[in-house]
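These protein sequence lines map, in sequence, to chains C and Z.
Using the numbering used here, read the first sequence as starting at 1 and increasing by one per residue.
Using the numbering used here, read the second sequence as starting at 1 and increasing by one per residue.
Hints in this document: simulated from the structure, not taken from any laboratory.
For each residue, glycine too, the CB sits at the ideal point set by N, CA and C.
Hints may contain errors.
Unchecked claim - Partial pick of chain Z residues on the chain C-facing surface, computed with a CB cut under 10 Å:
no., residue
1, Thr29
2, Gly31
3, Asn38
4, Ile43
5, Glu71
6, His120
What the hints assert, rightly or not - Here are the simulated SDA-like cross-link-like pairs (lysine to any residue), alpha carbons at most 25 Å apart as the crow flies:
no., chain 1, residue 1, chain 2, residue 2
7, C, Lys58, Z, Thr45
8, C, Lys181, C, Gly143
9, Z, Lys119, C, Asp272
10, C, Lys160, Z, Pro41
11, C, Lys117, C, Gly72
12, C, Lys19, C, Leu233
13, C, Lys68, Z, Glu115
14, Z, Lys119, C, Ala152
15, C, Lys160, C, Ser226
16, C, Lys58, Z, Leu42
17, C, Lys117, C, Asp171
18, Z, Lys119, C, Phe221
19, C, Lys19, C, Arg146
20, C, Lys160, Z, Leu42
21, Z, Lys119, C, Asp171
22, C, Lys58, Z, Asn75
23, Z, Lys119, C, Ala167
24, C, Lys181, C, Gly72
25, Z, Lys119, C, Arg146
26, C, Lys58, Z, Glu19
27, C, Lys160, Z, Arg76
28, C, Lys58, Z, Thr29
29, Z, Lys119, C, Thr150
30, Z, Lys58, Z, Ser110
31, C, Lys58, Z, Lys58
32, C, Lys160, Z, Arg118
33, C, Lys19, C, Ala29
Chain by chain, the residues run as shown.
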Amino acid sequence: MPSLKDLKTRIISVKSTQKITSAMKMVAAAKLRRAQEGAEEARPYAERMARMLNSVAKSFEGQKGGAKMLAGTGSDQTHLIIVATADRGLCGGFNGSIVRESRRMTRDLKAEGKTVKLMFVGRKGRDVMRREFAADIVHEVTGIGRTGVTFAEARDVAGKVTEMFEAGEFDVCTFIFNRFKSAMTQIVTRQQLIPFAAVEADGEAGESQEKDTGPKATYIFEPEESEILAELLPRNLSTQVFQALLENSASEHGARMTAMDSATRNAGEMIDKLTLTYNRQRQAVITKELIEIISGAEAL
Amino acid sequence: MADTVNFELVSPQHLLRSEPVEMVVIPCTEGDIGVLPNHSPLIATVRPGVIDIHRDGKVVERIFVGGGFVEVSSNRCTVLAERPMAVADINREEVEESLAAARKAVEEASEHEIEEARKHLTLNEEMMAAVDSINHH
């Protein structure tokens, strides 16, 4: 049986833990709101970019030798996987689920005899994956989104990817991140960046496109398609990366908020239990002292 | 027949404008394009420069953009812009400073950096021109 003093110390320590977790929850909630707003405000750009790219891509349909970034290199031997995690932990299963998915994908691809290159955004994923796949890591970026994700950060990541692609270092590029559904649920998503997956853009902008353009419009291109495409594709890559990073950061804060909420609740339960034991024991001590006094008095 | 065109200006972070206008003049890579109602569908690249928004026969707003794309279809004009900024909000001193830095960067740039540095310089020069033009008005 722990002494009264031990119990007291435990209670105090759990209480201060609870204070920390509840503060973290509050911070995460505030950041979540901002990240969510950011993600929502960035959506119009991504949608219009996808619509525009679709229009340009359509005029290329059936033609051979379009842009490589659109059509792929014709091979899928080398894969680049970009793993986006958080820089910090204490956010429930957020990092774990991304890492699990990335590991599965890496193993599957390797089992098929493909070459895999890994690029990390965020420290946590790198730390875990390094144990198994240290040799495959080609690039890493940390410190993103400390003050909210900016487009410049996304452009840097996309720039690096473009550079590697142009140097022929990989054929297919996939981005793994958590898509934000609600503060409770985040969905691990694989998004193919290169070659550009037009299906996805259709899903996002398809409806408005049908309504808006009416009869199929033939566009005037200025300068010609291939030049526009050459500009549009890297830009689109940045936009997609940006969108994914925003989603990821919203997910991170959501996951952290949920995790800290339950931690605070657990701490509360723990305090209740400890306080109960503490009071019982205090009472037992008092009773014992009383008995001692009474029996002492009787003995006289 | 509609007598306005829906003008949308979108930056990566925000939807900045979505309003009917009489005409917009957009600085495209191959020359300025004036978009009036019922313009034929068009996709073009935008160079750094100033977008003029016309209403009631006058320029009511001037917005600087650092490049991007424009799509015109079914009476809607969408500009995907990088770094849009109202011309009136541009700080002259800041532009001067970054213009000087850009000039220096071009001089010092190595071979594969030079294109990037030149682009940056053009951007700053255009920004400067935009600031100057407002003082003359």
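Hints, one by one, checked against the model:
| no. | hint | in the structure |
| --- | --- | --- |
| 1 | Thr29 | holds, 6 Å |
| 2 | Gly31 | holds, 9 Å |
| 3 | Asn38 | violated, 12 Å |
| 4 | Ile43 | holds, 5 Å |
| 5 | Glu71 | holds, 5 Å |
| 6 | His120 | violated, 13 Å |
| 7 | C:Lys58 x Z:Thr45 | holds, 18 Å |
| 8 | C:Lys181 x C:Gly143 | holds, 24 Å |
| 9 | Z:Lys119 x C:Asp272 | violated, 65 Å |
| 10 | C:Lys160 x Z:Pro41 | violated, 34 Å |
| 11 | C:Lys117 x C:Gly72 | holds, 17 Å |
| 12 | C:Lys19 x C:Leu233 | violated, 48 Å |
| 13 | C:Lys68 x Z:Glu115 | holds, 22 Å |
| 14 | Z:Lys119 x C:Ala152 | holds, 16 Å |
| 15 | C:Lys160 x C:Ser226 | holds, 22 Å |
| 16 | C:Lys58 x Z:Leu42 | holds, 14 Å |
| 17 | C:Lys117 x C:Asp171 | holds, 11 Å |
| 18 | Z:Lys119 x C:Phe221 | holds, 22 Å |
| 19 | C:Lys19 x C:Arg146 | holds, 23 Å |
| 20 | C:Lys160 x Z:Leu42 | violated, 31 Å |
| 21 | Z:Lys119 x C:Asp171 | violated, 29 Å |
| 22 | C:Lys58 x Z:Asn75 | holds, 21 Å |
| 23 | Z:Lys119 x C:Ala167 | holds, 22 Å |
| 24 | C:Lys181 x C:Gly72 | violated, 31 Å |
| 25 | Z:Lys119 x C:Arg146 | violated, 29 Å |
| 26 | C:Lys58 x Z:Glu19 | violated, 28 Å |
| 27 | C:Lys160 x Z:Arg76 | violated, 34 Å |
| 28 | C:Lys58 x Z:Thr29 | holds, 22 Å |
| 29 | Z:Lys119 x C:Thr150 | holds, 21 Å |
| 30 | Z:Lys58 x Z:Ser110 | violated, 45 Å |
| 31 | C:Lys58 x Z:Lys58 | violated, 38 Å |
| 32 | C:Lys160 x Z:Arg118 | holds, 20 Å |
| 33 | C:Lys19 x C:Ala29 | holds, 15 Å |
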